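Student: Guided by the hints, dock chain V onto chain E, whose structure is given.
Respectively, the protein sequence lines represent chains E and V. In this text, residue positions in the first sequence follow my numbering: the first is 1, and each later residue adds one. In this text, residue positions in the second sequence follow my numbering: the first is 202, and each later residue adds one.
If you are wondering where the hints come from, they were derived from the structure by calculation, not from laboratory data. Each hint should be verified, as a subset may be incorrect.
To be verified - DEER-style ranges, computed between Cβ atoms:
#, chain 1, residue 1, chain 2, residue 2, range
1, E, N73, V, S272, 35 to 43 Å
2, E, I192, V, G391, 32 to 40 Å
3, E, E159, V, D223, 53 to 61 Å
From a predicted model like this one, the values you see are computed outputs, not experimental measurements. Even glycine gets a Cβ: it sits at the ideal position worked out from N, Cα and C.
Number of protein chains: 2
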Amino acid sequence: MRIVVIGANGTIGRVVYNKLIDKGYDVTEVYHSSGDYRVDIRQPESIQELFKKTGKHDAIVSCVGKAYFGSFNEMTLEDYYTGFEHKVMGQVALVKIGIEYLNPGGSFTLTTGITCDDPIPYGTGLAMANGALNAFVKNTAINLENDIRINAVSPGLLELSADKLGRFFPGHTPIPISKVINAYLKSIEGKITGQIIRVQG
Amino acid sequence: MRIVVIGANGTIGRVVYNKLIDKGYDVTEVYHSSGDYRVDIRQPESIQELFKKTGKHDAIVSCVGKAYFGSFNEMTLEDYYTGFEHKVMGQVALVKIGIEYLNPGGSFTLTTGITCDDPIPYGTGLAMANGALNAFVKNTAINLENDIRINAVSPGLLELSADKLGRFFPGHTPIPISKVINAYLKSIEGKITGQIIRVQG
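This is chain E alone, in the form it adopts within the complex (with noise of 0.2 Å):
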């Protein structure tokens, strides 16, 4: 399979990209400002080039998106905006243009998160983002032709960033790594779509 993994320097994006390549896939690795391969997903134009360098592939992966992260009362009418510019409008981006550049069965696998279904206090901006991108996938998952496939994964607090977000998440129990690894093999190896695929610890 050749794999395009879309922020293979994020904290998961590094984990899933290193377990495709141990599985022997052709996989490029794309960043947002270094390396070989570079994609701003809020520019289409920069989404459209990249693609037109990587050609064809039978899987994208996309693992990025930012949103907005703090008090719901200091949140102003402009911050709701940046996940859904960044995060959001981002990955449907990289479907919409991508679509071109995936082969017939082909997969999309995008990043959402735990926080629209379990509410926490900081997560406002970051909750609507990924409940639009699950509406999104669900939606999208039943317009595809060629039997092209699109999927989400949806993890929760990660054991790798409890230290540093964990104050954030009460209660969550931190997910290993390797479930989320899962997550992602499940929707590019599989044959599921339309599916947003839950990781909770």
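Tutor: Okay, now just chain V, sitting in the frame of chain E:
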């Protein structure tokens, strides 16, 4: 109870307004472009002005929100913004600004929809707005102070709209309007918060 219904001339807004009047509440009806009280929910200044005129309320009810409805293949990246800017951010702004005009113990009742749970072919834009709103409601509920509550009603295909829209909702059982009205009453008169009140046939 002093209640304001935004979008009181819409299909749902009208029947909710009439029911609240029948029950003897002091209800202000707000339209987009006619009547004594008007608001453009995309303009925070317009919302601010409206609430300055209408004063303090015990319930703010929103029955508004446009989103893109149409073919996935023809949907441009711009079309994804319609639902976010109108249905999502319009209702978010009503809450962020309306908080100052809600009495302690008061409630917000927003309008979302079933398409984010139950996909239909033309529904990607609408579904994403609904998914973002559901997450907003669940996450905002835990952050509101002064016992203020927030819920969203998530209606499916209405019996009232079945002639016009039924063909876009294959296999959806149309809902009697009385069930939808009850969902709004559950939020306005009840004590629940952070709930997506799903109304299905």
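Student: Of the numbered hints stated earlier in the document, which are not met by this structure?
Tutor: none
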